[in-house]
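Here the structure of chain A is known, so what remains is to put chain B in place on it, guided by the hints.
Protein chains: 2
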Amino acid sequence: MDEIKWDSSGLVPMVLQDEKTRDVLMVAWTNAEALKATIETGLCHFWSRSRQKFWKKGESSGHVQIVKELWFDCDIDTIVAIVEPKGPACHLGYRSCFFRKLEPVSVDGELVAHGEPEFDPKAVYGDKAKD
Amino acid sequence: MDEIKWDSSGLVPMVLQDEKTRDVLMVAWTNAEALKATIETGLCHFWSRSRQKFWKKGESSGHVQIVKELWFDCDIDTIVAIVEPKGPACHLGYRSCFFRKLEPVSVDGELVAHGEPEFDPKAVYGDKAKD
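In order, the protein sequences belong to chains A and B. For the first sequence, the working numbering begins at 9 and goes up steadily by one. For the second sequence, the working numbering begins at 9 and goes up steadily by one.
If we strip away everything but chain A, and leave its shape as in the complex, we get (with noise of 0.2 Å):
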């Protein structure tokens, strides 16, 4: 693991696929904090930017993402995560976080959400972190 390029920051970009649709779920950013925790214990853990903050993926929501298969790429400055859901990936509710398509893909193309959520985000994150 001493191999892996970290940006300025100490981060790198963390892609999750679903190991059975293979659905783009999300992308987030690890460092070597979260990368460690992610592997010891199965489960995605991740560097929040926004909130500059360790994060736990599902850790008020129950919507865990374990862990099968991890992906370096050639700079070894990005990450591949093979996952298995419990619960869907997106804040909103969505199982993908990519759940805008741009229609048609055109510089005048729009934005178009496709599927719904499974979840209410307020029933389920009320006023704690939507994680």
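Since the hints were made in silico from the structure, they are not lab data. Keep in mind that the hints are not guaranteed to be accurate.
No copy labels: a pair is met if it fits in one copy or bridges any two.
To be verified - Okay, derived cross-link-like pairs now, DSSO-like style, lysine-lysine, Cα gap no bigger than 27 Å in a straight line:
(1) Lys28 <-> Lys109
(2) Lys64 <-> Lys136
(3) Lys28 <-> Lys138
(4) Lys13 <-> Lys61
(5) Lys136 <-> Lys94
(6) Lys13 <-> Lys109
(7) Lys44 <-> Lys109
(8) Lys13 <-> Lys130
(9) Lys136 <-> Lys13
(10) Lys28 <-> Lys61
(11) Lys64 <-> Lys13
Coordinates of chain B only, in the frame set by chain A:
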């Protein structure tokens, strides 16, 4: 497209996913200019942080990545491009940049390369940019 939340450097990450194999092929950075070129030409363009340069994927190698769909995440600060790859995405010759797997998933695990390069980077790129 006005909704995109570019970071402080005017960039967002773009994940390329093969429309057929559903493999994640690479992650690179795009800015307003590169995204416009991607949409207008139907071929992936990026911003190279290391070279500080606008970058057409496959310019040297011919391994262009044809855009089929563009998906945006909940925060509108990350993009997934569903692509038809015309040749390997990785500058080391592999179909995907994510060819190194952590085995086992442990802090003592090792990064093990899987698959084989499908071209010889020296023969394809020579002295040109490895794009």
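Check your understanding: Between lysine 28 and lysine 109, at a C-alpha cutoff of 27 Å, which is it: within one copy, between copies, both, or neither?
Key -> both (21 Å within a copy, 18 Å between copies)
**Study point:** Up to 27 Å CA-CA - lysine 130 versus lysine 13, copy category
**Key:** between (38 Å within a copy, 24 Å between copies)
Point to revise | Homomeric proximity label, lysine 64 with lysine 13: Cα distance no greater than 27 Å | key: For lysine 64 and lysine 13, the Cα distance is within 27 Å both inside one copy (22 Å) and across copies (24 Å).
Exercise for review: Up to 27 Å between alpha-carbons, please classify lysine 13 paired with lysine 61: within, between, both or neither.
Suggested key: both (21 Å within a copy, 21 Å between copies)
Review point. How would you classify lysine 136 and lysine 13 at a CA-CA limit of 27 Å: within, between, both, or neither?
Key: between (33 Å within a copy, 24 Å between copies)
Review point. When no copy is specified for lysine 136 and lysine 94, does a C-alpha distance of 27 Å or less occur within a copy, between copies, both, or neither?
Key: within (19 Å within a copy, 45 Å between copies)
Practice item. Can you give me the call for lysine 44 and lysine 109, within, between, both or neither, at a CA distance of at most 27 Å? Key: between (34 Å within a copy, 16 Å between copies)
Point to revise | Copy assignment of lysine 28 with lysine 138, given that the CA separation must stay at most 27 Å | key: within (25 Å within a copy, 33 Å between copies)
**Study point:** Homomeric proximity label, lysine 64 with lysine 136: Cα distance no greater than 27 Å
**Key:** within (13 Å within a copy, 43 Å between copies)
Practice item. Could you place lysine 13 and lysine 109 in one of the four classes (within, between, both, neither) given a Cα distance threshold of 27 Å? Key: Between copies only: 16 Å across chains, 32 Å inside a chain, cut-off 27 Å.
Review point. Should lysine 28 paired with lysine 61 be assigned to within, between, both, or neither, using CA atoms and 27 Å as the limit?
Key: neither (30 Å within a copy, 37 Å between copies)
When held up to the earlier numbered hints, the structure conflicts with hint 10 and nothing else.
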